[in-house]
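There are 4 protein chains.
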Amino acid sequence: MKNNIVDLQDKLQALLHAQRDNFIQGKVADYIPALASVQPDLAGICVATIDGKTVGAGDYQRPFSIQSISKVFGLVMAMNRVGDALWQRVKMEPSGQPFNSIIQLEWEKGIPRNPVINAGALLVSDVLTSHFSASKLAFLSFVRKLANNETIRVDKQVYLSELSHGNRNAALAYLMKSFGNIEAEIPAVLSHYFTQCAVAMSCQQLAQSLLFLAFKGVDPSSKSIICSPKDAHRVNAILSTSGMYDQSGEFAFSVGLPAKSGVGGGLIAIVPNYGVICTWSPPLNSFGNSVVGMNLVAGIAEELGLSIYH
Amino acid sequence: MKNNIVDLQDKLQALLHAQRDNFIQGKVADYIPALASVQPDLAGICVATIDGKTVGAGDYQRPFSIQSISKVFGLVMAMNRVGDALWQRVKMEPSGQPFNSIIQLEWEKGIPRNPVINAGALLVSDVLTSHFSASKLAFLSFVRKLANNETIRVDKQVYLSELSHGNRNAALAYLMKSFGNIEAEIPAVLSHYFTQCAVAMSCQQLAQSLLFLAFKGVDPSSKSIICSPKDAHRVNAILSTSGMYDQSGEFAFSVGLPAKSGVGGGLIAIVPNYGVICTWSPPLNSFGNSVVGMNLVAGIAEELGLSIYH
Amino acid sequence: MKNNIVDLQDKLQALLHAQRDNFIQGKVADYIPALASVQPDLAGICVATIDGKTVGAGDYQRPFSIQSISKVFGLVMAMNRVGDALWQRVKMEPSGQPFNSIIQLEWEKGIPRNPVINAGALLVSDVLTSHFSASKLAFLSFVRKLANNETIRVDKQVYLSELSHGNRNAALAYLMKSFGNIEAEIPAVLSHYFTQCAVAMSCQQLAQSLLFLAFKGVDPSSKSIICSPKDAHRVNAILSTSGMYDQSGEFAFSVGLPAKSGVGGGLIAIVPNYGVICTWSPPLNSFGNSVVGMNLVAGIAEELGLSIYH
Amino acid sequence: MKNNIVDLQDKLQALLHAQRDNFIQGKVADYIPALASVQPDLAGICVATIDGKTVGAGDYQRPFSIQSISKVFGLVMAMNRVGDALWQRVKMEPSGQPFNSIIQLEWEKGIPRNPVINAGALLVSDVLTSHFSASKLAFLSFVRKLANNETIRVDKQVYLSELSHGNRNAALAYLMKSFGNIEAEIPAVLSHYFTQCAVAMSCQQLAQSLLFLAFKGVDPSSKSIICSPKDAHRVNAILSTSGMYDQSGEFAFSVGLPAKSGVGGGLIAIVPNYGVICTWSPPLNSFGNSVVGMNLVAGIAEELGLSIYH
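Residue numbers (our numbering), protein chains in the order written: chain A, 7 to 316; chain B, 7 to 316; chain C, 7 to 316; chain D, 7 to 316.
Possibly wrong hints are sitting among the right ones.
A pair holds if it fits inside one copy or across any two, identical chains being indistinguishable in the list.
Only pairs whose alpha carbons sit at most 27 Å apart, straight line, appear in this in silico DSS-like list of lysine-lysine [stated by the list, open to error]:
1) Lys33 <-> Lys97
2) Lys229 <-> Lys162
3) Lys236 <-> Lys17
4) Lys59 <-> Lys222
5) Lys115 <-> Lys151
6) Lys33 <-> Lys115
7) Lys162 <-> Lys33
8) Lys115 <-> Lys97
9) Lys17 <-> Lys59
10) Lys222 <-> Lys151
11) Lys97 <-> Lys222
12) Lys162 <-> Lys59
13) Lys17 <-> Lys229
14) Lys229 <-> Lys151
15) Lys162 <-> Lys151
16) Lys151 <-> Lys236
Calculated directly from the structure, the hints in this document are not laboratory data.
Starting from the given sequences, assemble the full structure and let the hints guide the process.
Here you go:
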């Protein structure tokens, strides 16, 4: 599993190069203008390891809209804040449904299947909104601390765009509230949710900021405890069974790493005891996952033998 | 992760002893008399490792009805026989539904979500029935070879009992056939399916027979190749996301191992590069998983640090 | 079918008397305090005929919250206002689901199954909100004109109570909006909807105000045209297949009249070419229909041979 | 509503003529060869009245496969045989789902929504199979008696064709059996069901045989009691809310008569106190209803003012 930096950089470059014809296979998210206007052939990959190395290729230092990858940060914050009480309000099961489905939420009486589908992330946003006096700032501070970078910011245009196209998420939130499973006011919950989705980060920043999940909850550079070993385990488990929307099973089957994608084209994969891979390429497949991103992670996992299933 | 045999045996005994009050928390499967009559406080645990050690405690040498654990064997046989063509007829996604749900099968036009829910296992049974001239014998031979034990047999009483209570499985099979996704005659498919479910094996036999999944497809004792490394990986991935029915996410979250349960009370967990754990205790929880079995696997995984998610 | 007034009054009294022990079989709607506090043993029945007679018994002149009966008035207003364009945005099929289900709305991409389930009535409210400069006033004026009674008003307490418990209806509205099937702002739509639900009317006022549906769209007393004969037919058809929520089939089966119920305990039944029956008794069955009200309508329909199905 | 025979015949001819261009709008049922080979431009219409007149146009005397229209005969037989006990095993609610949906059957634990969707008709077939020593003969005798025609027979080719394409109906039947709601053996139930579907009758025979439903249960020509007035009412109610599959609401909305269609292209409509209309034209719309047949019934109902909703 060990590789020296030069080797790894060559591999990333080669993998990226091999994907150059695949950008046209997906479709850039177009539900909001701010995402639809992203250049489709931008692409980057970065690997950060727990022993302090960071290697990248392509546009790996260019910030993009992290979108649903923000669900990982939000989840860790909520777990830290309310502890096991969280799991009374959200389950940890794969959904077997599209990420924004309202059907299962109705069946299960307002309890989302897991915290990384939209309903679950809205619930987590409610926890943060209710338990922090300024949850958006707290979120940004948390991410900045993890990435050790104070310049990370919210893309205001994306935020406003999301807000004005947020009717389905509003429907999910009101349905949960009708079951008594939302405490804060819905506009505040949505505002928090769209804020965290609109955070812009680069592959490098994302990879570095999530290393604690590969290192039993500890930030390997600062040695500070970000979450308990148990909670790091839990997050990785949830990402393994549910992180890639309704393609999670296929991703486990063919790649074998805890991962989370976002409709901005980002994709992070945790390699326990090794590091974090982050890729970015905007065109998405029908499940909402980055086509090239999935190929890149599959490629590097294959080459380095990183899967957790063998 | 390393332990000497004596230590491990002590641990297994202690874990088993600690569960003695928990048998009453579940309910023995009672949909057929042959299972309902099993003594509820029988329990065993066995750990087989890839370096050839086998350690057990309790009733770990007593055969029980393997039921859905047979789906693992059937799946490997079908993968070997038809290769990737299998994945045109069954997906590898968690279902988000009870194991015997017919709803999702209708939505997805007769394509089962994965091969370890009932619909998927019936499809696998169709593959075996269609591609082997004597699929039941072939199944039994495969299992006997893996367990290196020619005495393994089908419990006729269980088989007949299943057959006469198999209406829901018949419904699943006919529905798939109506979508053109079953090739053989339904009675033959059901007969194969109930035969493999009715195989009786002990914890020790099951643990030893599945070691190849922890060893990249190779039987560590005979060194024979049971399946490709890729397919061993795939089976482990499927068991991780879907092996514990609609409690798979929770099992990943709290234990962190590829696993498969059966309503006979058996439970197997694969530990890549280490070995296989098999437990047996008949009383089931509401998801159809053995209450004590889950506790035992959780206990040993915790003690030995076996989870794949950290 | 013909009866003189004295006979009919005796019949109504007798039917009402016979129900005196049945109030305890249902449960007064308790989702808002304003409804929960209604006295459960109040009950009234009124029959208004197209030849100008009005006969009642019990509390038939006491106003109650008309709730979903308002959907009939709203529907007629919207049909008059936008014509057949309405049927591009809402279907006219029974739902086969509870009245406030969100599942079918998702399946059918934001097109409600019919205008008398909640989703459909919210859509109608959107039409009224969008096409009238003051839709609440317009609604009230329409109802007052039909009932020939300027004192009919909105129960402010019920309105406010509904508004603060309206999360599920908000979810339905936002989901439709996410599919592009709501034009106005959701808060305005909800405000209109809860206003019309909170109108208070007596059995007598309701029976008289709906006579046009039994008389091909014409108000028999004033001779003014309220809607086209075709639209009167359509409303009666919708009420026959869908007016009694998920008990519509049973009501057709056992009573046989176009009808609409409300959770305030009201129930109206249209008898084409004869008149309108309105009953009121707050305790509801599990479908949200008045227990005693259904018995009363069944009784009078049986006695007078009013069913449309023979 | 009264018309002399010559007038009526002219009207039927004119209506039929006006439809001559509409045959291409639908698609002849092609799930079995025996139906797929029917000539698409055959068409007939017949009106039989309770006062003994029978008027037809086009191919109204040519037998066709009655298919689901047989559900009406079967239902009346079962109601007569087991009485109200029938309604413990099947409901009378519209389904809000396609006619052959298995989803709702799962939700409602094996209790079909109504007796005129496939699941419900299979349940009725089980009742007939279980309660008659020779249910197929009994069915044929019943229909022959009603039509006063001993030549009516089962189309063997259609029967065999249905049988070999009956997997979805088998799935429905086995699912009901798994819930304990089927008493006979499934093959016997299916054999009965496909037999009654394969009966061939002409428009004239169908119209005459169903007159009892327009005449409170009494055969107007023989004066024999076919069913109770209450049961005639119930059948008409069920046909009004559920007879036209998932287009029942629209048919009520635009035509307004209790009706039942079959995928053979037949359509019967009951006019209480007047008579029965039967049409035949094989091409079907997406709901499984005859395109031209619906137009013909709509036309005659409009011209004669037959709707029950005004």
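Quick rundown of the hints versus the structure:
1. Lys33 <-> Lys97: Classified as between: cross-chain Cα gap 23 Å, same-chain 31 Å, threshold 27 Å.
2. Lys229 <-> Lys162: neither (33 Å within a copy, 60 Å between copies)
3. Lys236 <-> Lys17: Between copies, since 22 Å is at most 27 Å while 33 Å is not.
4. Lys59 <-> Lys222: within (18 Å within a copy, 30 Å between copies)
5. Lys115 <-> Lys151: Classified as neither: same-chain Cα gap 37 Å, cross-chain 42 Å, threshold 27 Å.
6. Lys33 <-> Lys115: Cα proximity of Lys33 and Lys115: across copies only (22 Å, versus 34 Å in one copy).
7. Lys162 <-> Lys33: Within one copy only: 23 Å inside, 50 Å across.
8. Lys115 <-> Lys97: both (12 Å within a copy, 26 Å between copies)
9. Lys17 <-> Lys59: Classified as within: same-chain Cα gap 15 Å, cross-chain 39 Å, threshold 27 Å.
10. Lys222 <-> Lys151: within (18 Å within a copy, 40 Å between copies)
11. Lys97 <-> Lys222: within (22 Å within a copy, 32 Å between copies)
12. Lys162 <-> Lys59: Classified as neither: same-chain Cα gap 32 Å, cross-chain 60 Å, threshold 27 Å.
13. Lys17 <-> Lys229: neither (29 Å within a copy, 33 Å between copies)
14. Lys229 <-> Lys151: Within. Shortest intra-copy distance 13 Å satisfies the 27 Å Cα cut-off; inter-copy 50 Å does not.
15. Lys162 <-> Lys151: within (21 Å within a copy, 51 Å between copies)
16. Lys151 <-> Lys236: Result: close within a single copy only, 21 Å intra versus 39 Å inter.
Comparing the model with each earlier hint shows violations of hints 2, 5, 12, 13; every other hint is respected.
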